Amino acid sequence: MLFFALPLIELFLFAYAVSLTVTHLPTAIVDQSLDARSRDFIQALANSGNFDITLVLQNEQQVRQAMDAGTVKVGLIIPPNFEKQVLAGNGNVLILLDGSDSFSVQSGYNAALSITQKYSLNLTTEKIQSGGGAVILNALTGQLPITTTTRVLYNPDIADLIFILPGLIALIMQIIIVTNSAMAIVREREAGTLEQLLATPARPAEMVLAKLIPGMLVAILDMAMILAIGVFWFKVPFQGNILLLAGLSILFIISGMGLGLVISAVARNQRQAQQLTAVIQLLAMLLTGFLYPRTTMPLWTQIIGNLIPMTYFVRIIRGIMTKGVGLTFMWTDSLTLFIYAVIVLAIAAAISKKRLD
Amino acid sequence: MIQRILALIQKEFSQAWRDRTTMGIMLTIPLMQLIIFGYAINTNVTHIPTVVADQSLDTASRSYLDAMVNSGYFDITATAPDQNGVIQNIDAGQARVGIVIPPDFEKDVLRGDAQVLVLVDGSDLFTSQSANAYATIIGQAHSIQIVYDVIAQAGAQASGSALPTLNALIHVLYNPDMSTLWFIIPGMAAMLLQTQALALTAAAVVREREMGTIEQILVTPIRPFELMIGKIVPYVIIAMLNMLTVIAIGVFWFHVPFQGSFWLFFGLSSLYVLSGLGLGLLISSVSQNQRQAQQLMMLFMMVSLLLGGFIFPRYTMPAAVRIIGNLFPITYFIPIARGIITKGVGFSVLSGQVADLVIYIVVVMFLATITFRNRLD
Numbered sequence: 001m002l003f004f005a006l007p008l009i010e011l012f013l014f015a016y017a018v019s020l021t022v023t024h025l026p027t028a029i030v031d032q033s034l035d036a037r038s039r040d041f042i043q044a045l046a047n048s049g050n051f052d053i054t055l056v057l058q059n060e061q062q063v064r065q066a067m068d069a070g071t072v073k074v075g076l077i078i079p080p081n082f083e084k085q086v087l088a089g090n091g092n093v094l095i096l097l098d099g100s101d102s103f104s105v106q107s108g109y110n111a112a113l114s115i116t117q118k119y120s121l122n123l124t125t126e127k128i129q130s131g132g133g134a135v136i137l138n139a140l141t142g143q144l145p146i147t148t149t150t151r152v153l154y155n156p157d158i159a160d161l162i163f164i165l166p167g168l169i170a171l172i173m174q175i176i177i178v179t180n181s182a183m184a185i186v187r188e189r190e191a192g193t194l195e196q197l198l199a200t201p202a203r204p205a206e207m208v209l210a211k212l213i214p215g216m217l218v219a220i221l222d223m224a225m226i227l228a229i230g231v232f233w234f235k236v237p238f239q240g241n242i243l244l245l246a247g248l249s250i251l252f253i254i255s256g257m258g259l260g261l262v263i264s265a266v267a268r269n270q271r272q273a274q275q276l277t278a279v280i281q282l283l284a285m286l287l288t289g290f291l292y293p294r295t296t297m298p299l300w301t302q303i304i305g306n307l308i309p310m311t312y313f314v315r316i317i318r319g320i321m322t323k324g325v326g327l328t329f330m331w332t333d334s335l336t337l338f339i340y341a342v343i344v345l346a347i348a349a350a351i352s353k354k355r356l357d
Numbered sequence: 001m002i003q004r005i006l007a008l009i010q011k012e013f014s015q016a017w018r019d020r021t022t023m024g025i026m027l028t029i030p031l032m033q034l035i036i037f038g039y040a041i042n043t044n045v046t047h048i049p050t051v052v053a054d055q056s057l058d059t060a061s062r063s064y065l066d067a068m069v070n071s072g073y074f075d076i077t078a079t080a081p082d083q084n085g086v087i088q089n090i091d092a093g094q095a096r097v098g099i100v101i102p103p104d105f106e107k108d109v110l111r112g113d114a115q116v117l118v119l120v121d122g123s124d125l126f127t128s129q130s131a132n133a134y135a136t137i138i139g140q141a142h143s144i145q146i147v148y149d150v151i152a153q154a155g156a157q158a159s160g161s162a163l164p165t166l167n168a169l170i171h172v173l174y175n176p177d178m179s180t181l182w183f184i185i186p187g188m189a190a191m192l193l194q195t196q197a198l199a200l201t202a203a204a205v206v207r208e209r210e211m212g213t214i215e216q217i218l219v220t221p222i223r224p225f226e227l228m229i230g231k232i233v234p235y236v237i238i239a240m241l242n243m244l245t246v247i248a249i250g251v252f253w254f255h256v257p258f259q260g261s262f263w264l265f266f267g268l269s270s271l272y273v274l275s276g277l278g279l280g281l282l283i284s285s286v287s288q289n290q291r292q293a294q295q296l297m298m299l300f301m302m303v304s305l306l307l308g309g310f311i312f313p314r315y316t317m318p319a320a321v322r323i324i325g326n327l328f329p330i331t332y333f334i335p336i337a338r339g340i341i342t343k344g345v346g347f348s349v350l351s352g353q354v355a356d357l358v359i360y361i362v363v364v365m366f367l368a369t370i371t372f373r374n375r376l377d
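In order, the protein sequence lines correspond to chains A and B. Residue 194 in the numbering used here is what sits at position 194 of the first sequence, and the numbering runs on without skipping anything. Residue 252 in the numbering used here is what sits at position 252 of the second sequence, and the numbering runs on without skipping anything.
Everything labelled a hint here was simulated from the structure, so no lab data went into it. Predicted model only: the values in this text are computed from it and were never measured. C-beta atoms are modelled at their ideal positions from N, C-alpha and C, and glycine is treated no differently. Careful, some of the hints might be misleading.
[As the list claims (entries may be wrong)] Pairwise CB distance ranges, derived in the manner of DEER restraints: (1) A:Asn-59 - B:Gln-295: 18 to 28 Å; (2) A:Ile-242 - B:Gln-295: 55 to 65 Å; (3) A:Asp-40 - B:Asn-326: 34 to 44 Å; (4) A:Gly-324 - B:Gly-344: 45 to 55 Å; (5) A:Gln-61 - B:Leu-241: 36 to 46 Å; (6) A:Asp-52 - B:Ala-320: 14 to 24 Å; (7) A:Ala-44 - B:Gln-145: 40 to 50 Å; (8) B:His-255 - A:Gln-32: 33 to 43 Å; (9) B:Ile-324 - A:Asn-90: 30 to 40 Å.
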């Protein structure tokens, strides 16, 4: 039951509840000037959509208290005589950010910096134009000499779900496959039925295969379900070739099973198998690029990540679903996944043979 | 009564001691998490691999690229002849960002309408967020610098008064370097205590019931209330020890500052552990066997990880979702842990959160006792 409920709950939570891009930061303002210029600047900040002014206070002390209590994440303090100082060329505002909240602080920092820069430049060009400087700077029409246009490929609105969905599918599939295959053999061994099974005419390979197929079917069903809801309900675009994804998913499933079988062969009982699976799940959450970027990681954590099949599959599924690229762009990952599957199955077979003798 | 409870505690301890692998893994998982967050994970992405198509190759384009590279956010790892080459490079995953500078860049800059196209790989969220924000900011700053240079050359300053400017002083309170680890440690302590309190109690109660030993214990003079205390205390001690290990490593090895009062934190953590134990008891009274208890636990853990405010900020969530988050004790403890460890605030600031936590404990313990008793009858 949980094998179907868990993916759905996770999908809906990521879709509706969790937001990785933070806007509308609750902001406290202290305006000690109350002149036209300060009001104008506050307006510019509020209009950006990044800051919601939820509190108006008297001094910096009060802002710090509000931040201590957690009622605001950002504080803007405009000192007295703001207009005069700005015109004299030394206007300053103080922006306080709550550093205990990593998402808020990063969004707030960038937005505040960019808005002030632009505001400052507007003041300058305004002044030059009104002062007749326009003659010298005829090219300056209040616009910057270099315009940087950023275009975000594959995900133009930086929508969280477009980013999360492929990784989530990979994560859920891996959890189901590894848990299932890790339990498969250890359970029989614990119950003492493994010897009984071995006494039947079924060969070890046939037995293992028969044990693995149900888990495989559950994983494929889960994948189809999340994919369908993601694409048809949440309108996450599917850019690439679905047959290619299906083919490479089977490769991923086989390598995940191999990993599960290694756990199964190493673990002494069900509980140990469960705990080893939990460790791998944790590593998969953090190191495979599902959520956190792998490019910034040091080499040794990248290597640990490479021991988990999901690392390759996250790149493959993002490549197909989000980027819409074909096999030519990911044959290295596909080949690695294939080699991984072969090696891990060989290891699992070798260990089990040793333990049975 | 005290004697009976002590005897029970002794029994639980020896049972726990026999299962040393479980204890080992219980401690290994948080340590691994700590090391990974300490060394590997950074959501503020720098040194993003960047592919450049510079079709001008003049002074202006070079100085623009220098500004990008000097910021530390972009590392030029490849060059391409044109926009298509750049996109191909990003498609292949070799670069995350592409910068396309069109021909005649210097001339356009002097005329005031130069364009730079920055292409960002949107399939990687944190990278695209950083790249998007910093490409804009750095490009803007570079551009503004050019404006001021032009103005200075033209002698506009000599014409009279100074030019108006506005500088933003941005202070990041509590965590000036925006270190991910500083942010993670209090949340991890909270997550750890909840996980262990939940898992250990639920496992202990359900295991006993499955083996049929709970009836054996209940026919002895031990009362259900004493049984609960006897079962809870050893796990409180184990969970607290694990939590202290994590904090000690964070503070002494990773130099995460502990700003507030340690004893206040210690006291409130014990209170918080009670809430986790209550929820654990409730789960184990409701579930039929170990497997069910485990599945419920997995579900609770996952939901509370996403909704409790550990990683994702709660104020961005819709109200209905926030209410679901309120079902987990971690939601109440995270502001307390961050308040004491990172912000260094005292009890007076946190009294509201502490009151919520106390109410939660009373309610959950009440429900747990009722269901536990019903199950036994």
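If any of the earlier hints don't hold here, list their numbers in rising order.
1, 2, 7, 9
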